[in-house]
Structures are given as C-alpha cells and as structure tokens.
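Could you build the full structure based on these sequences and the hints that come with them?
There are 2 protein chains.
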Amino acid sequence: MNIEMITAAADRLKGHARRTPLLSAPQLDEIAGRRVLVKAECLQHTGSFKFRGGWAAVSALPPEVREKGVIAYSSGNHAQGVAAAARAFGIPAVIVMPSDAPAPKIQGTKTLGGDVILYDRATEVREDIGDRLAAERGLTLIKPYDDAQVIAGQGTVGLEIADQAAEAGVTHGDVLVCCGGGGLTAGVALALEARAPGLRVRPAEPEGFDDTARSLASGTPQGNATQSGGLCDAILTPRPGALTFPINKRLCGPGVVVSDAEVLRAMALAFRHLKVVAEPGGAVALAGALFHGAQLQGDAVIATISGGNTDPAVFARALESL
Amino acid sequence: MNIEMITAAADRLKGHARRTPLLSAPQLDEIAGRRVLVKAECLQHTGSFKFRGGWAAVSALPPEVREKGVIAYSSGNHAQGVAAAARAFGIPAVIVMPSDAPAPKIQGTKTLGGDVILYDRATEVREDIGDRLAAERGLTLIKPYDDAQVIAGQGTVGLEIADQAAEAGVTHGDVLVCCGGGGLTAGVALALEARAPGLRVRPAEPEGFDDTARSLASGTPQGNATQSGGLCDAILTPRPGALTFPINKRLCGPGVVVSDAEVLRAMALAFRHLKVVAEPGGAVALAGALFHGAQLQGDAVIATISGGNTDPAVFARALESL
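Going line by line, the protein sequences match chains A and B.
Here the UniProt record's numbering is used: the first residue of the first sequence is 1, the next is one more, and so on.
Here the UniProt record's numbering is used: the first residue of the second sequence is 1, the next is one more, and so on.
Only true hints are included.
Copies of one chain are not kept apart here, so a pair can be met inside one copy or by any two copies together.
SDA-like mimics (lysine to any residue), calculated; alpha carbons at most 20 Å apart, straight line:
no., residue 1, residue 2
1, Lys110, Glu30
2, Lys14, Gln164
3, Lys14, Asp163
4, Lys14, Ala168
Simulated from the structure, these hints should not be mistaken for lab results.
Okay, structure coming up:
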C-alpha cells in the first residue's frame, strides 16, 4: 500500500464518485469548543464511502476477470458500493448479507442490481460463504476492507480531506474516522501521511465494539466479545484487518470510543445543523469530535460522516434527543 | 435586473457561500420516470439558499451605510441568512420574525447574533414594523425577495445549476424551484436565461398558497386567501413580489402545485435516497418533480431543495410515510 495506489484510484474514480463537501456550522463549533469540519460521505453515491472502495476494486480488475462478475459480503454499505460499481460496468454482483441487516440496505442493494444472499450472523461465517460462492461461479471476491484496492479507494476520502481542510485553513489537528474493519481509517491515514502530515487520524468506534482502540492501545489485534446487536451495525466487525491494522498501528493516534447515546445525539445535531442524514455507525466520529474533546488535540477537528443508510425508526429515535 | 448583477453577486459570494452539490439517486429516477437532479441548497450556510441573498445584499451596501446595521423581516430562513452575513461583516442585524415561526429558526437566528423581534402574523403587518424600525435606528432594510441584490444573490444558485447540469449532460428540461415571494425563482430564471436557455424554470408551491401559479395563469398578481397555518411555513407569502413577478411572468413556465402529503413524502424520499434534510417548504419542488411528472417536459428534471430548517416533530411525521 502506498500513496500512488490511492492517487491511481482517484484517477479511476474521477467523474464517477462525488467529491463530497466538508461541512461546518457555528453551533457545532460551540458544542465542541473548537472548529468542527465534517466530511459528509453520506452524500456519496449509495449513501456511504463504500462506493469508492467498490469502484476502485472493480475498476482495477483485468477485463477478462471482471466480466465473470464479483461477490461481496457486507452488512450493507459495502454491498451497495460494490453492486453500484458492478452495475456501471455491466457485470454480475452477488452480495452475501446478514439476515438482520437494516431493510433499506438489503432493498438498496437489490435495487442496484445486486443478487442478495442472506446468512445468519450468529451461526454462519460470511467468509466461508463468500469463498465457496467465488470458487463455484468464477466470481472475484471483493473484501470489505482487507483488500489493497478497496483501501486505496477509501483513501481518496483522505486526498479530498487534505485539499478541503487546507482550503479551510486547517493543516493541523485530529481527523476522526468511523472505524469498523479499518479500511477507511487506513486509506485516509495513508493519504494524509503523504498530503497533510499535520493531520492525524483517530479511529472512532462505539462502546462494546472498540476492537481497534484496544488493539492500538495494546499493540496487537484484539477481538470484540460480541459481534451483533449493536446500534452501529455498519461498523461491527470481529477484529482489525490483517492489511489495515499494521497501517493504522503505524499512522493513527489512540482510538476514541463513544456511547450509543452520544451517537444518537450526534445524528440529531447533524440533522439540525448540517442538514445531512447520518446512520449510527456513520456518526461515531462526529460524536467523538463533539463529546470527547478532552482527548483531542488542536484548534480544529475533522470528522467523517461515513454513511447515511439508516432505518427511519432509528432516525426518529435520534431526533427525540433534540 | 440583469445577468451582470448575478455574476457580480457570485464574485462577492466567492469563498463565502458553498457551491452546493447537485445530487441524484437511481431510486428517485425510477419514481419520477425520468432523471432527477436535486440542487441541495439545504446544505448552504444557515441551512437554506437565503444566505446567498443576505450576503449579496449586505455586501453591496456602501461601507458607511452598512456599518449602521441592517434589518430584515422573515419567517426564518431569510433572517438567518441576513444575520449570518451581518455577523461576518461585524454589523448589527435586527430581525423581525412571526411569533409562530419554528423554534429552531428563531433560535438559529439568535445564535447567529440576530436581535430578534417577534410579531403576530394574524394581527400585525411585518412591513410596517420593518419600515418603522429602519427609520428609527438608521438601519437598512433587507427585504426577503423584492430587492434587486437579494434576487441577484439567489440567482447564483442558477449559475451553479447551469454549470452542474451541463456537467451531468443535461441542457434541456424543467427546473422546479420552491417559490414563496419568488426571489429564488426569479434569480434562477434570469441566470438560466443567460447561461442555459434550454432549461426552463417552473415555480413549485403548496396547495392553498399557490399565488404565483395562479398569477402566472391569469397574467396578473393574485393573492392567497390565507396567510398562515400551512405546513410549508418558509414559503408562505401573501402574493408575488413587485420586482419578482414581472421577471417570473416573462421567463417561467406554468406553476406546479403539490399537496402536503406529497411534500412529506418528498422529505422522506430525500432522507432515504439523498441523505439530506429538507424542510416542508424546501421539498415542494422535489414533490413536483416526483409526483407531477405528467406536467413536465424533457428526459430530466432539476429540483431545488431550498432549505432544511425543520422541527424534528415535522420531520418524524414525514418519516412515517416510508
């Protein structure tokens, strides 16, 4: 993994991925006690940053391999990203999803042309299902984070943050990134290392699923005790990735861990002051920026809103915190 | 009013107003039966396009006049736009608001440094209050739509639509614009006349407050029977403006009128597929694009989401339509 892979991914994504805005509101600055800049990847195609990694991976395949189709396992956002990219290339996309994924994510994936196969998160291992189907049908497996091209695609978020933060006059401070398997975190960290070395990535995770924070603290990969049931479904992964963790260990500051109540409050404040929809897993970084300022350094903080695919009932619950 | 005033406003706004994205989602295209491109002005500073007009008007004042301060009467979004612009210039802003305006709009205006004065929409005339205060304190009145510089500022939305639609390959079709007093409608219409003559503005209004649609149909200004109580509070005005109506009469196609149920549904679909927050008055154009396609021409339709400042309870009600 290096910056050239990320700039190459940016070239392939040009004209296909959106350059999402870096938003701000004086009311959020007041709450945080410092400037807050929000990278709104919920406004990306398919409603999350995952479109970038999906496109980067599919576009990197040799045409004769790509035309046989791709397969992905995902709690939803990666699925939609890969399905949308596959449809643009006119190739089949088989998507293996947990049966308890939010209905809009399952429906969204089907609408984008994905052939959805559901599995039970408690009793089945998605990697086993993915490997078997890939072998049977000649499909190429696009992993959600432990894939160099996927990390490169997510890293294009970091290239944009570097440029947009500089335009806003911010060259030093912490960049909170919503962290599941660590693909977005690793990609952004690599991009900032090359393009904005004064900006330091801090992975943000929900309580109970803080595997990366504990892994960074201990120096070795740590798993989560439970693997389902959390509010932040999009970023529930068993442990840091084999490709992503070494990158994050080298480049990231300590993890920031937030409560579900803080996540819901961050969603509500993004609604009120930024006018964007954040899903719970996509709001952990903003929650860290707003409510854990004592752990942060600098006059400004940057936070990703990584996705906006949430059930209306969950969003309505978040609004009750206003 | 001419295109030079709009391009001059764009120059003054540069680096201060956001170039908001033109969003899309395949699910909305399916519903509408044509391509749908959405100009998301809810992502503008202060949560609506009104920041543009406020900044354009304040920045156009001679410094010795400007420093005495400005005054505005507004149901909320214009108030916030003027207050934010005044704060940036370090001058006082007195804002006359109806006492039944949504709480977030009143609070938002105060947070931005506005000196808020409330009035009763049923028994008082805001123009009288505004004129008196302006005379007493030497303030310059910034009208919400019947002001050439305000129209020029709103017209910068049209300049961006012309560029962004061309980038998306759209040069012909209808552009639905949320219409209250007609300032955004007139500004966008003037900009498109000069920069994208294949795009035609269609004012969008809620049932019961369709003064511009009826005025365009009859050729003379028509008033609304009632002036408060509607869902779409941001765009409830008594009648078309003296400056705006002649422009809109010359340049716009027939008005499109939508029901409150369609407005709520459009808000919900913007939540689900675009991940942005639309207020009711800001969703009328999208409602027209999605649900009144038989009245539209072309393979693509462009709709403004003009603002996102809504009460959480109203938004939760909209989500129930999903």
